[in-house]
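Enquirer: Next come the chains, spelled out residue by residue.
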Amino acid sequence: NAGVTQTPKFQVLKTGQSMTLQCAQDMNHNSMYWYRQDPGMGLRLIYYSASEGTTDKGEVPNGYNVSRLNKREFSLRLESAAPSQTSVYFCASTTNRYNEQFFGPGTRLTVL
Amino acid sequence: GENVEQHPSTLSVQEGDSAVIKCTYSDSASNYFPWYKQELGKRPQLIIDIRSNVGEKKDQRIAVTLNKTAKHFSLHITETQPEDSAVYFCAAPDGGDWGKLQFGAGTQVVVTP
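Protein chains in written order, with this note's numbering: chain E, 20 to 131; chain G, 685 to 797.
Since the hints were made in silico from the structure, they are not lab data.
There may be inaccurate statements among the hints.
27 Å max Cα-Cα, derived BS3-like pairs, lysine-lysine [what the hints assert, rightly or not]:
(1) Lys28(E) x Lys726(G)
(2) Lys726(G) x Lys706(G)
(3) Lys721(G) x Lys742(G)
(4) Lys28(E) x Lys721(G)
(5) Lys752(G) x Lys33(E)
(6) Lys90(E) x Lys726(G)
(7) Lys741(G) x Lys706(G)
(8) Lys726(G) x Lys76(E)
(9) Lys752(G) x Lys741(G)
(10) Lys76(E) x Lys721(G)
(11) Lys752(G) x Lys742(G)
(12) Lys726(G) x Lys755(G)
(13) Lys755(G) x Lys721(G)
Being a predicted model, the structure only gives us computed values, none of them experimental.
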C-alpha cells in the first residue's frame, strides 16, 4: 500500500501561471481533502470531496478548483497563481467521518 | 462553523518533564477531537483521538482529556523524550457528515536533553 501520494513534491511558478497538483490514494477511502499549511496558521481546508462525484468548498477556496476524477484521485488546480498561494499543500483521505485522516507527503509550492 | 483555538504556540520542556497543550472549541455539538503530530518536513499523523462519550483516553505516554462543559480538550505528554519534538495540532469537526475538521494553529514542542 502506497497510502496517499502527491505529485509534484516541489514546484516554482511565476505569477499568472497555472498548474495542477495531483493526489491519489489506494486505501479505498470515500473522502478526500486538500489543505494548505502556512506558518502559524495550522492546516486550512481548501476543498474536500465527501464521496466520489461530490466536491465542496472549505475555508479558503478562492483561487482554486478541484476535480474528483474517480474514487482514488483528487486534483487541485491553480488557474492563475499568485504569490499569496505560496504554501505547502497536503492532500488527505479518510474512510468516513470521525476516523483518521491519512495525509500525503505534501507539495511545496512557491509563486514568484 | 467551528472555531478551534490552541495554546501555547510554542512549548519548551526538559527531557523527562511533562508537556500539556490545550485547545478550546466553539460548537457544543462537536463530538470528535483528534490530535496530529507533524515532525519537521513530514506529513501530519494522528497520534490519539477522543470521542465525546469519554472524558479521558490514554496511550502509553500520551493522554487526552475532554471537558465538554467548558468546551476544551488537552493533550498530555509524560516523560518527554527528544523524539517528541514536533508540531502538534488539535482539531474538531466543522459540522456536517463528511468528516470536515477545523485545525488549531499548532504548538511547536521542543524537548531539550
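Enquirer: Hint check: Lys28(E) vs Lys721(G), CA-CA at most 27 Å. Holds or violated?
Expert: holds (20 Å)
Enquirer: Hint check: Lys721(G) vs Lys742(G), CA-CA at most 27 Å. Holds or violated?
Expert: The given pair, whose Cα atoms are some 16 Å apart, holds under the 27 Å limit.
Enquirer: Would you check the hint for Lys726(G) and Lys706(G), treating anything up to 27 Å between C-alpha atoms as holding?
Expert: holds (23 Å)
Enquirer: Between Lys752(G) and Lys741(G), is the straight-line Cα distance small enough, at 27 Å or below?
Expert: holds (14 Å)
Enquirer: For a C-alpha distance cap of 27 Å, please report whether Lys28(E) and Lys726(G) respect it.
Expert: Holds, because 12 Å separates the two Cα atoms, which is no more than 27 Å.
Enquirer: Holds or violated: Lys752(G) and Lys33(E), Cα atoms, limit 27 Å.
Expert: violated (47 Å)
Enquirer: Is the straight-line distance between the alpha-carbon of Lys726(G) and that of Lys755(G) 27 Å or less?
Expert: Violated. Lys726(G) to Lys755(G) sits at ~30 Å, over the 27 Å cutoff.
Enquirer: Straight-line Cα separation of Lys741(G) and Lys706(G) no greater than 27 Å?
Expert: holds (15 Å)
Enquirer: What's the verdict on Lys76(E) and Lys721(G), does the C-alpha distance respect the 27 Å limit or exceed it?
Expert: Between Lys76(E) and Lys721(G) the Cα gap is close to 25 Å, so the pair holds against 27 Å.
Enquirer: Lys726(G) and Lys76(E) were given as a pair; does the straight-line alpha-carbon distance stay at or below 27 Å?
Expert: It holds: about 26 Å lies between the C-alpha atoms, which stays within 27 Å.
Enquirer: Run the distance test for Lys755(G) versus Lys721(G): straight-line Cα separation, threshold 27 Å.
Expert: The given pair, whose Cα atoms are some 22 Å apart, holds under the 27 Å limit.
Enquirer: Checking one constraint from the list: CA of Lys90(E) to CA of Lys726(G), max 27 Å. Satisfied?
Expert: holds (25 Å)
Going through the hint list in order, the structure does not satisfy hints 5 and 12.
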